[in-house]
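*Asks:* Take a look at the letters that make up each chain.
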Amino acid sequence: MLPAAFSLLADYTEDYAWFPDSASTFSSEVDWLYKVITGIGFVFFVGVIIALFGFALKYRKAKGQKAESQVSHNTPLELAWSVIPSIFLVGMFIFGAKVYLDMRTVPDGSYEVGVQAFKWGWTMDYGRGTFHPELHLLVNEPTKLTMRSSDVIHSLYVPAFRAKKDVVPGRYNYMWFEPTLATEKVSDEDLAAAVKETEESGAEWDYDKYQFTPDGYRFYDLYCAEYCGENHSQMQTVVVVHKTREDLDAWIKKYSSRSDTESLESYGEKLYARRGCSGCHSIDGSPRVGPTWKDAFGSMRALTSGATVKVDENYLRESIIYPKEKIAAGYQPVMPSYKGQLSDDDIDSMIAYMKSLSANAE
Amino acid sequence: MSAGLNIPGATVRDPGFPTERENYLTNSKGVLSWMFTLDHKRIGVMYLIGVTLSFALGGLLAFALRWHLLDPDGTLFTNNIYNQVFTLHGAIMVFLFIIPSIPAALGNFLVPIMLGAKDVAFPRLNLSSFYLWIFGAIFFVMALCASGLDTGWTFYTPYSTTTDTSVIMATLGAFILGFSSIFTGLNFIVTINTMRPPGMTWFRMPLFLWATYATSIIQVLATPVLGITLLLLIAERTMHIGIFDPEYNGDPVTYQHFFWFYSHPAVYIMILPAFGIISEIISVHSHKHIFGYRFIAYSSIAIALLGFLVWGHHMFTAGMSDMTTIIFSALTFTVSVPSAIKVFNWLATMYKGSISLTTPMCYAISFIFLFTIGGLTGLHLGTLATDQHLHDTYFVVAHFHYVMVGGTLVAFLGGLFHWWPKMFGKLYNENGGRISAFLVFLGFNLTFLPQFILGSRGMPRRYATYDPEFATLHTASTHGALILGIGLLVALVVLLMSLVRGKRASANPWGGATLEWNCTSPPPFYNFERPPVVGDPYDFHDIEWDEQNERYVTIEPERKMVPETEPAEAPAHAADKQ
Ligand code: HEM
Ligand SMILES: [Cu+2]
Numbered sequence: 001m002l003p004a005a006f007s008l009l010a011d012y013t014e015d016y017a018w019f020p021d022s023a024s025t026f027s028s029e030v031d032w033l034y035k036v037i038t039g040i041g042f043v044f045f046v047g048v049i050i051a052l053f054g055f056a057l058k059y060r061k062a063k064g065q066k067a068e069s070q071v072s073h074n075t076p077l078e079l080a081w082s083v084i085p086s087i088f089l090v091g092m093f094i095f096g097a098k099v100y101l102d103m104r105t106v107p108d109g110s111y112e113v114g115v116q117a118f119k120w121g122w123t124m125d126y127g128r129g130t131f132h133p134e135l136h137l138l139v140n141e142p143t144k145l146t147m148r149s150s151d152v153i154h155s156l157y158v159p160a161f162r163a164k165k166d167v168v169p170g171r172y173n174y175m176w177f178e179p180t181l182a183t184e185k186v187s188d189e190d191l192a193a194a195v196k197e198t199e200e201s202g203a204e205w206d207y208d209k210y211q212f213t214p215d216g217y218r219f220y221d222l223y224c225a226e227y228c229g230e231n232h233s234q235m236q237t238v239v240v241v242h243k244t245r246e247d248l249d250a251w252i253k254k255y256s257s258r259s260d261t262e263s264l265e266s267y268g269e270k271l272y273a274r275r276g277c278s279g280c281h282s283i284d285g286s287p288r289v290g291p292t293w294k295d296a297f298g299s300m301r302a303l304t305s306g307a308t309v310k311v312d313e314n315y316l317r318e319s320i321i322y323p324k325e326k327i328a329a330g331y332q333p334v335m336p337s338y339k340g341q342l343s344d345d346d347i348d349s350m351i352a353y354m355k356s357l358s359a360n361a362e
Numbered sequence: 001m002s003a004g005l006n007i008p009g010a011t012v013r014d015p016g017f018p019t020e021r022e023n024y025l026t027n028s029k030g031v032l033s034w035m036f037t038l039d040h041k042r043i044g045v046m047y048l049i050g051v052t053l054s055f056a057l058g059g060l061l062a063f064a065l066r067w068h069l070l071d072p073d074g075t076l077f078t079n080n081i082y083n084q085v086f087t088l089h090g091a092i093m094v095f096l097f098i099i100p101s102i103p104a105a106l107g108n109f110l111v112p113i114m115l116g117a118k119d120v121a122f123p124r125l126n127l128s129s130f131y132l133w134i135f136g137a138i139f140f141v142m143a144l145c146a147s148g149l150d151t152g153w154t155f156y157t158p159y160s161t162t163t164d165t166s167v168i169m170a171t172l173g174a175f176i177l178g179f180s181s182i183f184t185g186l187n188f189i190v191t192i193n194t195m196r197p198p199g200m201t202w203f204r205m206p207l208f209l210w211a212t213y214a215t216s217i218i219q220v221l222a223t224p225v226l227g228i229t230l231l232l233l234i235a236e237r238t239m240h241i242g243i244f245d246p247e248y249n250g251d252p253v254t255y256q257h258f259f260w261f262y263s264h265p266a267v268y269i270m271i272l273p274a275f276g277i278i279s280e281i282i283s284v285h286s287h288k289h290i291f292g293y294r295f296i297a298y299s300s301i302a303i304a305l306l307g308f309l310v311w312g313h314h315m316f317t318a319g320m321s322d323m324t325t326i327i328f329s330a331l332t333f334t335v336s337v338p339s340a341i342k343v344f345n346w347l348a349t350m351y352k353g354s355i356s357l358t359t360p361m362c363y364a365i366s367f368i369f370l371f372t373i374g375g376l377t378g379l380h381l382g383t384l385a386t387d388q389h390l391h392d393t394y395f396v397v398a399h400f401h402y403v404m405v406g407g408t409l410v411a412f413l414g415g416l417f418h419w420w421p422k423m424f425g426k427l428y429n430e431n432g433g434r435i436s437a438f439l440v441f442l443g444f445n446l447t448f449l450p451q452f453i454l455g456s457r458g459m460p461r462r463y464a465t466y467d468p469e470f471a472t473l474h475t476a477s478t479h480g481a482l483i484l485g486i487g488l489l490v491a492l493v494v495l496l497m498s499l500v501r502g503k504r505a506s507a508n509p510w511g512g513a514t515l516e517w518n519c520t521s522p523p524p525f526y527n528f529e530r531p532p533v534v535g536d537p538y539d540f541h542d543i544e545w546d547e548q549n550e551r552y553v554t555i556e557p558e559r560k561m562v563p564e565t566e567p568a569e570a571p572a573h574a575a576d577k578q
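Residue numbers (the UniProt record's numbering), protein chains in the order written: chain A, 1 to 362; chain B, 1 to 578.
Isolated chain A, as found in the complex:
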């Protein structure tokens, strides 16, 4: 109890903040409204509390003593305390609606990113076949996200932008914002050290621990805010705001497709992390939401239909594009379809990577 209270105090004095970073054109308006509402509320609250405790102490009487007054109404007073708060409420409504309309009116010529939400991850579509879970933007550039979901309702939430919108299956929802604060790049030494450490441990990149991306950018958090099942709280990614268009383009290019020198397996491994496969499929044999990839290729697989198939190129390709056709026994048909999202080369890379994980592959 006490330690908690003290560390809370420490928070207040050190890096304590009521709000996350203020990094979009909306965030300052929203914070301003928040403070105004809180301020008005606080004034009323203090009035109520002074009256509440003041009266409770001042008019405290011994048992049986009569009240000083038995007044039962006072029309002017009652009118005043109905009308005055109403005026404040109208103000809040108007300003709230005004800022909201700004949030809904996308400026022409915005930078566009497609968003696909699925259990439990995000895929951002930068066009020309470039997909990546991280959201990369340009500072001071209005950005429109067109969002869809492959399964249940999710909600895209960037606290630093004060922006949130549900991603509803069966329809396209959109949102827009304009980042105002670019995220820094860390020094090459820090990045190299972290990359080395991650490679040695063989684990996935730990965003929370390093507080920068595998490319060395600091970031804002992006959360899923609508409950979507088991790993809802892990359905997070990051937002990187680049300082220059060249920097952003270079980053996009880096992820656009397999370079001529890269092998299929190693690119498949990257896609495994980048396209959200790792959320449901392990590579160490442990079962997750979906079957593991370790020793999968070349093995026999029982299906819920009762049949058995051999896990080969055809079966894998079909499972990636039409995941609900043949369901492995013991699993739910929850995998989203990647139809139209992975190029042939991508799928080949995935299959090559799975082969490399399997002792059964010829």
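In case anyone wonders, no lab produced these hints; they're calculated from the structure.
Treat each hint with caution, since some may be false.
[To be verified] For each label pair, taking beta carbons as the anchor points, the in silico distance ranges come out as:
#1 B:Asn80 x A:Trp18: 30 to 36 Å
#2 A:Glu325 x B:Gly242: 19 to 25 Å
#3 A:Trp32 x B:Asp536: 47 to 53 Å
#4 A:Ala62 x B:Asp536: 21 to 27 Å
#5 B:Gly242 x A:Gly109: 37 to 43 Å
#6 B:Gly74 x A:Trp32: 35 to 41 Å
#7 B:Pro468 x A:Glu318: 39 to 45 Å
#8 B:Gly242 x A:Ile50: 54 to 60 Å
#9 A:Gly109 x B:Ala56: 58 to 64 Å
Heads up, the beta-carbon is just placed ideally off N, CA and C, and yes, glycines get one too.
Starting from the known structure of chain A, arrange chain B with the ligands on it as the hints suggest.
*Replies:* Then chain B with the ligands, alone, in the frame of chain A:
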């Protein structure tokens, strides 16, 4: 009866203590006499036990959640279990505790007595709605526990149509519970409409009855919508009829409209009766006429009706059209006016009163404090721009706990302490009661104030794990929950101890003027031995403290009796008749 107070020219009315035979608790014995009772008071007591057990279960689950959040990556729960536990906690608290608590438990006991009636209009329907509740509750809890449910208490589609947990069982449970709620509401409406004794006009009804009446209207009108929605959900799951699930060309947002069309009014089922209780407590323990009676009465009805128009504010980020969104925001603000004015009315009632800081009064003061915070933070959520940031974060969790726990639960406790001597004929330890009120107040604020900051900083709700920067505030919150839990235990112990060791309660331990204080404590089987005299329920002029017997009594001015002798002369007009 009362040998103490002696006021010349007046009679002192004091019902004294009930005898064994006439007291509802003891006039018949045995388990069966309770199980098949048609007495609204016994049914109320049985509901009280039921909702208390439900609350204990929901509370233990809440504490488990908080415990897990101390160290979310630790070993207490996996994500999967966490999701089931918060669903269980929310569903039990909403469907089994907070909706039935005040109307069904306290309402059943008090409505007929405060009205001056012998019982509710349909005693058999009343008993059957209790058994429906028991059956529904057992079924519901079994469904939730046995096969698990992880949808949250809102059952949002398409998650609920695709998850493999037992959605159908759980929704059937909620469906059954809905019937119990409808029956109770119906019973109260008919009782209040038809069973008021002579003299009990609408505007002589205590405000608790107005609140119950308004609540009953919502129960009867809104609950069927929930029932239909849940049936549609079941149909969608089993037959894929294609209303809610986009896979079959349905629209998930339609489900949200249906669901909140019930569940937003349901929020007022939770809070309106609490307003009723607070109006009674504040007035009685300030010994002063309630301020603005008519306004409070009308505003209950206004809230009940406006409550049907604001459901869309749960969907400000769902992607409704911008026009719809803005209209819902405007409507939302209209409900806050009557709620705010009630707070001012309570304060004005305390002004120049004669305030006793009894346990119920402490809870009522705590209610005003907490409910004001809950209400004011609702403004951040009704304002469109700020809601975009705060929606589905811990800010919302804090806000609704301030309203539902800080509001309804605290009012329920206040009401329980207020009417406990009436219900069981025993006085409890006042200091113990006040300590419980203080601990609940302290623990509650420590639990939920940090969550406003968590939400403003961007911590989403329904998260089994969270980023390290949120850890400190979560830790503070869990410590608060511990204190809150201790406070609730103290309250329980104080009340239970009073049954064993408490002093006998007089008919009117607080000096109230509503009818229930006119019968003995505990009340006789038929509530009143003679038809009660109905007057202004908040007129404290003729209630006096009897020092010697330590109780409040009612003073009636001595009526000037007509002399019994024949008139000496026949009246002038009588002469013609002969
Ligand atoms: C007694 C102290 C209580 C504590 C410590 C507590 C704690 C919690 C926690 C930790 C959550 C999960 C928040 C999230 O992740 O979204 C929660 C959710 C909830 N609580 Fe409580 N709670 C308490 C009492 C109550 C009461 C009395 C009610 C009565 C209505 C209630 C109603 C709810 C509801 C409806 C939810 C939402 C469940 C959902 O998201 O599906 N809680 N509570
Ligand atoms: Cu999600």
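*Asks:* Which numbered hints does this structure break?
*Replies:* none
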